[in-house]
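**Student:** Kindly generate the complete structure, drawing on both the sequences and the hints.
Chains as they are written, first to last, in the numbering used here: chain W, 1 to 91; chain S, 1 to 303.
FYI, nobody ran anything at the bench for these hints, they're computed from the structure.
Idealized CB from N, CA, C, for every residue including glycine.
Careful, some of the hints might be misleading.
No more than 30 Å apart at the CA atoms, straight line, and that leaves these computed lysine-lysine pairs for DSSO-like [claimed, not checked]: (1) W:Lys55 - S:Lys190; (2) S:Lys189 - W:Lys55; (3) W:Lys14 - S:Lys252; (4) W:Lys20 - S:Lys264; (5) W:Lys79 - S:Lys264; (6) S:Lys37 - W:Lys3; (7) W:Lys79 - S:Lys37; (8) S:Lys159 - S:Lys274; (9) W:Lys79 - S:Lys190; (10) W:Lys2 - S:Lys4.
Stretch by stretch, here's where chain W covers chain S in the computed footprint (C-beta under 8 Å, at least three residues) [claimed, not checked]: (11) 4–10; (12) 26–38; (13) 48–55; (14) 128–136; (15) 234–247.
Partial chain W-side listing against chain S, Cβ under 8 Å, derived [stated by the list, open to error]: (16) Lys14; (17) Lys15; (18) Gly19; (19) Gly68; (20) Ala80; (21) Val82; (22) Glu86.
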Amino acid sequence: MKKYIVETSLSYPKKGAMGKTGSWRVFKPVLDTKKCVKCLRCWISCPEASIHREKDNSVSIDYDFCKGCGICANECNVKAIVMEREKTKGK
Amino acid sequence: MALKDLPVDECLLQGNASCPGCPATIGLRLVLKALGKKTIMVVPACCTAVIESLYPYTSFDVPVMNIAFEAAAAGASGVEAALRQQGRTDITVVAWAGDGGTYDIGLQALSGALERGTNFIYICYNNQIYSNTGIQRSGATPFAAWTTTTVGGKTEFRKELGEIILAHHIPYAAQTCISYPEDLYNKIKKAMSIKGSKYVEILAPCPPGWRFSMDKTLEMGRLAVDTGAWSLWECENDVMTFNGKSKLLLEKKIERKPIEEWIKYQGRFSHLFKPELDEKRLQAIQEHIDHLWERYRKCYVKI
Ligand SMILES: Cc1ncc(C[n+]2csc(CCOP(=O)(O)OP(=O)(O)O)c2C)c(N)n1
Ligand code: SF4
Ligand code: SF4
Ligand code: SF4
Ligand SMILES: [Mg+2]
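**Tutor:** Next up, the structure:
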């Protein structure tokens, strides 16, 4: 990445700038791909961009950064995502 | 525009400092999908300055200039002037500020930029409070809502900033909400296609600030529209159009839900329901919204 010399503080882009925020989770979204109709509502709704979208519009959850808000489960019209309590706290 | 047509690329990186269920990050993802990489953002003090995360890193994959709370529109005007001097016409300059930074302390700078016709997009994400500093009232906080500075509920009604913006007669102004991704995306795209000053305001229901469960962020936005507490519209060259459900409400093609359907899920209004029902204030809120929509109808329904 190109670095710049400037007379002010300058931050550079980094995925996980606050670490692996998946450790914040208390509840975890679990996806049942058999129920999923690939509508992409969960993908566009996730505040963390932690639902990945594939070329065929299938989706998967990135547990490294998912904060466990439950929006995806709430938005899924066919209940393909359910929230389950994390067994051990964090990842 | 269907969801599948929205770009896959993300300019807001994972692992940032937002609260779980944050409306600002939902909005930022959509806005940045529309804007793409050829964008410079100007962000004043607000939650988003925190969401950028800690030095020496940032969770934004586009250039961002942070600036004082009151100065988003002034800073963006400077960036736009500098790019113009360099002959760079391919970069979109965007100010992104909260409701505190827009309705209150940043209003003078914003009005100035709109009056000068600065070629930029000003986006206000409106969570109806100063959330970054721990939930204080703003000019956008609705009547009767609890905040840490309105403990028994706010005693004033919120400001109609949209109408103040319209008085500047800029080429494009719009209201949208994070719960309507296609509407939001299309409005940013339209704003990008127009030269001059553009204003887009995004309703952003905030779980810790409004005191609702963090999985209900988008539901709170939809209910705000269904009850008429918020509306989706755009005004292009002084031609006003209501959009989606708000259009159906304006034309009375669907019934407006009672305001209780929105506020009963929010802890910031819980004092209106217990220990006993505060019928007087509930009625005052409903009457205020009824009056607002009557005015909308008088102004914007073509007979
Ligand atoms: C001149 C000045 N006054 C007060 C503050 C403290 N401050 C920082 S952010 C903020 C509230 C921001 O509210 P809003 O613009 O609605 O954004 P939000 O935090 O809700 O995202 C305040 C009061 C400041 N940074 N500068
Ligand atoms: S919202 Fe549900 S059905 Fe739609 S893509 Fe996500 S998991 Fe699949
Ligand atoms: S629980 Fe929240 S953060 Fe996790 S994938 Fe679902 S919407 Fe995204
Ligand atoms: S307080 Fe609200 S707007 Fe601010 S980061 Fe948290 S959820 Fe987002
Ligand atoms: Mg705010």
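**Student:** All hints, please: hold or fail.
**Tutor:** Each hint tested on the structure:
no., hint, in the structure
1, W:Lys55 - S:Lys190, "holds, 27 Å"
2, S:Lys189 - W:Lys55, "holds, 24 Å"
3, W:Lys14 - S:Lys252, "violated, 49 Å"
4, W:Lys20 - S:Lys264, "violated, 35 Å"
5, W:Lys79 - S:Lys264, "holds, 25 Å"
6, S:Lys37 - W:Lys3, "holds, 18 Å"
7, W:Lys79 - S:Lys37, "violated, 35 Å"
8, S:Lys159 - S:Lys274, "holds, 27 Å"
9, W:Lys79 - S:Lys190, "violated, 34 Å"
10, W:Lys2 - S:Lys4, "violated, 33 Å"
11, 4–10, "holds (count 4)"
12, 26–38, "holds (count 3)"
13, 48–55, "holds (count 4)"
14, 128–136, "violated (count 0)"
15, 234–247, "violated (count 0)"
16, Lys14, "holds, 4 Å"
17, Lys15, "holds, 5 Å"
18, Gly19, "holds, 6 Å"
19, Gly68, "holds, 6 Å"
20, Ala80, "violated, 15 Å"
21, Val82, "violated, 12 Å"
22, Glu86, "violated, 13 Å"
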